[in-house]
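Start from the sequences, fold in the hints, and give me the full structure.
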Amino acid sequence: MAEMERVDHDVLVIGAGGAGLRAAIAAAQEGVRVGLVTKSLLGKAHTVMAEGGIAAAMAHVDERDGWRVHFADTMRGGQYVNNWRMAELHAKEAPDRVRELEAWGALFDRTSDGRILQRNFGGHKFPRLAHVGDRTGLEMIRTLQDHGIHAGIDVHMEHTIVTLLTDGERVSGALAYDRERGRFKCFRARSIVLATGGIGRAFRITSNSWEYTGDGHALAYRAGAALQDMEFVQFHPTGMVWPPSVRGILVTEGVRGEGGVLRNSKGERFMFADIPENYRSQTADNEDEGWRYTQGDKTARRPPELLTRDHVARCILKEVREGRGSPHGGVFLDIAWIKARMPNSAEHIRKKLPSMYHQFKQLADIDITTTPMEVGPTTHYIMGGIRVDGDSQMATVPGLFAAGECAAGLHGANRLGGNSLSDLLVFGKRAGEYAARFARSNGAAKIADADIDSAVAAALEPFQRSGGESPYQIQHELQDSMQELVGIVRREEEMQRALTRIAELRPRAQDVHVSGNREYNPGWHTALDLNNLLTVSEAITRSAIERKESRGGHFRDDFPAKDAAFAGFNLVCRRGTDGAMKVERIAIPPLPDHLKAVIAEET
Amino acid sequence: MTQATFRVWRGERGSGSFSEYRTEITEGMVVLDAIHQIQAEQAGDLAVRWNCKAGKCGSCSAEVNGMPRLMCMTRMNQLDLSEPITVEPMRAFPHVRDLVTDVSWNFEVKKQIRKFTPRTPEAADGSWRMQQVDVDRVQEFRKCIECFLCQDVCHVLRDHNRHGEFIGPRFFVYAAALEMHPLDTANRLPALKNAHGLGYCNITKCCTRVCPEGITITDNAIIPLKERVVDEFYDPIVRLVRLFRGGKTTSPGTT
Ligand SMILES: Cc1cc2nc3c(=O)[nH]c(=O)nc-3n(C[C@H](O)[C@H](O)[C@H](O)COP(=O)(O)OP(=O)(O)OC[C@H]3O[C@@H](n4cnc5c(N)ncnc54)[C@H](O)[C@@H]3O)c2cc1C
Ligand code: SF4
Ligand code: SF4
Ligand code: FES
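Top to bottom, those sequences are chains Y and E. The numbering of the first sequence is the numbering used here, which starts it at 1 and goes up by one. The numbering of the second sequence is the numbering used here, which starts it at 1 and goes up by one.
Keep in mind that the hints were calculated from the coordinates and are not lab data. Please note that the accuracy of each hint is not assured.
[Stated by the list, open to error] Sample of chain Y residues lacking proximity to chain E, with all beta carbon distances greater than 12 Å (derived):
| hint | residue |
| --- | --- |
| 1 | G43 |
| 2 | D62 |
| 3 | R181 |
| 4 | Q282 |
| 5 | N286 |
| 6 | E289 |
| 7 | K446 |
| 8 | I447 |
| 9 | A448 |
| 10 | R491 |
| 11 | P589 |
| 12 | L591 |
| 13 | D593 |
[Unchecked claim] Once the Cα atoms are required to be at most 35 Å apart in a straight line, the calculated DSBU-like pairs of lysine-lysine come out as:
| hint | chain 1 | residue 1 | chain 2 | residue 2 |
| --- | --- | --- | --- | --- |
| 14 | Y | K351 | E | K111 |
| 15 | E | K205 | Y | K361 |
| 16 | Y | K351 | E | K115 |
Just so you know, even glycine gets a beta-carbon here, dropped at the ideal spot from N, CA and C.
Here's what the structure looks like:
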């Protein structure tokens with residue numbers, strides 16, 4: 001067998017974003033030996049980029065809030081295909097998880113009576129997002145990181161996991177290479193937590209970094225786990241559109257929360273023209289009321305700019321397609337207008353939205369305190385992921401757990417802003433605890449040398465070939481296909497074309513060639529990530545074809561309405577015995593009466 | 001269509017040389033875009049570290065025309081394209097490959113600083129009450145994205161290699177955030193004076209000038225820490241600063 005370093009842990013956590021760090025801390029607190037692996041350096045994971053806040057019904061700003069309202073909001077946002085058990089646990093436990101961050105050193109913005117301040121966000125009935133200006137993710141990841149380094153966790157930075165190893169049904173470890181030297185390392189573990197984040201790099205326009213190649217999704221799928229709800233991808237309505245090199249970079253919803261409005265090229269607030277029926281009673285019908293809402297007037301209803309993301313994204317797309325877009329193919333997001341409503345508005349904007357101010361000033365030469373921004377939809381988040389048990393976060397493979405963006409269930413068909421960061425904390429902690437318990441109650445599992453050898457050989461193949469294409473070329477073609485054919489507005493025949501494209505790209509991806517050596521070689525890394533991107537792209541496309549209705553983040557031009565016949569199940573992708581991907585429908589268990597009552601009362 | 005010439009440091013573990021690449025520059029491009037373009041079109045194995053491409057993660061630190069910068073926040077239109085643009089790895093850390101350096105020392109240093117130790121919660125719900133004015137100052141320090149550009153530029157590390165006895169500006173900011181945290185109760189002053197080498201800093205302010213987050217490292221973090229130390233011990237440089245400031249002995253950090 002190939003010579004390599006071997007490391008033994010009870011629990012191996014893959015991913016050091018909010019979910020992975022929280023899981024590792026929880027597992028370490030249970031007294032087991034914990035290893036934490038991350039593709040990048042500690043503190044750089046995607047979580048660092050989150051801006052707006054963490055949703056938790058602490059009721060500091062509006063005493064009418066509570067877990068029941070948060071639960072109902074999450075279910076309505078998810079169009080009722082959520083895992084209701086997760087939505088319940090999340091709403092109940094998020095406040096404690098946020099307070100815990102404060103106990104570990106986080107410093108959130110404050111209310112006038114000295115408590116954690118909460119802000120408005122789309123789809124949340126009351127001000128609910130604990131935040132630090134618009135750099136909440138940084139505060140969260142740094143707090144977890146700084147707490148975690150004293151928790152006795154072994155951290156393996158800049159290591160990429162390429163394969164999960166199994167012993168019969170159960171997971172037994174994972175194979176990684178270190179990015180710096182290109183050496184392989186074999187991790188043995190009794191249980192594994194996947195916390196690898198999302199898949200945004202499957203699309204051309206995205207707010208996500210290179211890390212988001214769906215590794216955890218694909219690793220789990222290949223190990224036999226089920227992927228659920230993969231058709232539900234969130235396109236955030238406001239990404240930067242100009243200049244081209246920053247296309248896709250996120251413009252936080254916080255801009256709209258602070259009073260920013262959307263206008264088309266004719267200067268119209270087009271969002272007032274299309275308010276969905278089920279949100280009408282909660283939405284302002286005039287500009288003044290909308291403004292008062294953003295300034296904390298409890299009698300006012302929210303402006304239509306703060307409707308759910310899928311809806312706002314489609315409205316923007318419509319304006320652009322019908323010729324009322326901005327010069328570079330977006331619409332205008334205007335926060336500068338608030339100078340009409342408040343003195344020293346420029347200072348206020350810089351204080352409330354410092355990194356947005358900075359981002360536009362530095363990257364687009366635009367001063368947002370005086371000039372409207374140009375924005376358009378960007379691929380942002382995947383609601384779908386590894387199917388897990390609501391309480392324990394265990395996947396359909398024994399000993400394999402998943403938490404955070406790579407897990408499915410909490411958000412259903414659409415995620416509300418702020419519900420991801422709280423998801424990471426609540427279910428990161430649970431996954432870590434249950435993984436530790438699993439590790440304690442199950443003996444060590446075996447790793448077959450032959451499995452390691454074949455995984456190593458597969459990973460090194462791109463160097464052995466000669467003449468194949470560059471991995472970047474194939475990655476770009478895949479991103480273009482997904483963007484064009486499986487994007488915000490979907491159609492059967494386009495998605496079939498996407499499947500054909502994916503099938504054509506697979507053999508080409510198996511044949512890519514990379515030059516250079518194994519030390520910090522991005523070409524090689526891209527070659528290996530490609531297989532993961534292809535797997536998640538196929539899962540997204542197959543599920544999207546199968547869901548012949550429109551719901552949440554999934555919109556079908558050929559089936560534009562929601563269809564009750566599709567409300568009762570989730571779509572699940574699994575690898576068949578012949579190696580081909582199978583899509584099945586799995587019925588959603590009926591809502592228990594006590595939760596039904598909550599929804600009836602709070603919606 | 002504008003073209004630019006880049007001189008990019010290529011090589012491994014200290015040995016290497018500049019390679020020249022010409023690439024097309026379009027509107028709005030940043031240095032990191034150009035590096036990626038070179039990677040995709042001409043040098044598939046060119047090593048560069050990055051994540052967010054939005055100035056939020058602090059991964060893409062390098063020296064552009066000799067200046068420590070985030071590549072993702074350095075616009076091409078801020079540079080003189082008539083001359084070749086040099087892009088080199090940070091020089092204060094061991095070289096790995098091309099533009100990537102080994103910054104792991106920083107992560108080790110952080111572990112040596114005493115962790116956050118809050119006072120007992122006072123509120124009935126088990127939490128604390130803090131006013132915005134009390135957290136403002138510390139929030140400035142907590143903006144740090146750990147790009148380590150300040151570490152790169154500080155002569156104590158860069159030229160004098162005092163990595164074993166001096167934690168560097170980033171970790172003075174970190175220590176200041178803990179020391180001035182409204183809830184923290186631990187005392188890090190003896191360690192700052194001795195093991196962490198606060199006295200080596202002679203307030204050149206180079207760190208403050210390169211910080212992409214605009215943290216006033218020297219004035220708001222280091223000098224107040226030095227003043228706190230001097231209240232317990234003695235530091236000749238603070239003595240001088242105080243004289244220079246005309247006898248002003250307090251700063252926001254000491255009140
Ligand atoms: C710009 C932006 C703003 C956002 N704002 C908000 C917000 O305000 N509120 C909110 O709730 N949500 C927000 N989100 C969403 C939220 O930030 C993410 O969903 C969340 O941070 C994901 O966290 P995670 O822990 O699941 O994964 P991440 O933080 O992405 O971490 C993934 C980790 O897995 C590692 N990894 C991946 N693959 C491998 C592999 N093969 N081997 C080893 N390690 C691997 C990575 O290196 C990384 O450490 C935002 C997202 C973006 C992009
Ligand atoms: S001010 Fe001090 S820490 Fe900053 S660069 Fe100068 S010597 Fe280094
Ligand atoms: S203090 Fe500034 S320069 Fe130093 S690491 Fe932090 S962000 Fe970078
Ligand atoms: S890539 Fe994140 S700061 Fe440049």
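Is it correct that the beta-carbon of A448/Y has no partner in chain E closer than or equal to 12 Å?
holds (32 Å)
Can you confirm whether the C-alpha distance between K351/Y and K115/E stays at or below 35 Å?
Since the Cα atoms of K351/Y and K115/E sit roughly 29 Å apart, the hinted pair holds (cutoff 35 Å).
Is the Cβ of I447/Y more than 12 Å away from each Cβ in chain E?
I447/Y clear of chain E: closest Cβ-Cβ about 28 Å, beyond 12 Å.
Given the hint that K351/Y pairs with K111/E, does the C-alpha gap stay at or below 35 Å?
holds (32 Å)
Beyond 12 Å from chain E, beta-carbon-wise, is Q282/Y?
Its Cβ never comes within 12 Å of chain E, the nearest being 29 Å, so this holds.
According to the definition I'm using, a residue is off the interface if its beta carbon is farther than 12 Å from all beta carbons of the partner; does N286/Y meet that for chain E?
holds (32 Å)
Can we confirm that no CB of chain E comes within 12 Å of the CB of E289/Y?
The claim holds: E289/Y sits with its nearest Cβ about 28 Å from chain E, beyond 12 Å.
Confirm or reject: K446/Y is not an interface residue toward chain E, with every Cβ-Cβ distance exceeding 12 Å.
It holds; K446/Y is separated from chain E by about 33 Å at its closest Cβ, greater than 12 Å.
Against chain E, does D593/Y keep a CB gap of more than 12 Å to every residue?
holds (30 Å)
Hey, does L591/Y actually stay past 12 Å from chain E on C-beta?
holds (31 Å)
Say whether it holds or is violated: P589/Y keeps its Cβ farther than 12 Å from all Cβ of chain E.
holds (34 Å)
Holds or violated: K205/E with K361/Y, Cα cutoff 35 Å?
Holds - the C-alpha atoms of K361/Y and K205/E are around 25 Å apart, at most 35 Å.
Hints 1, 3 from the list above are not met by this structure, while the remaining hints are.
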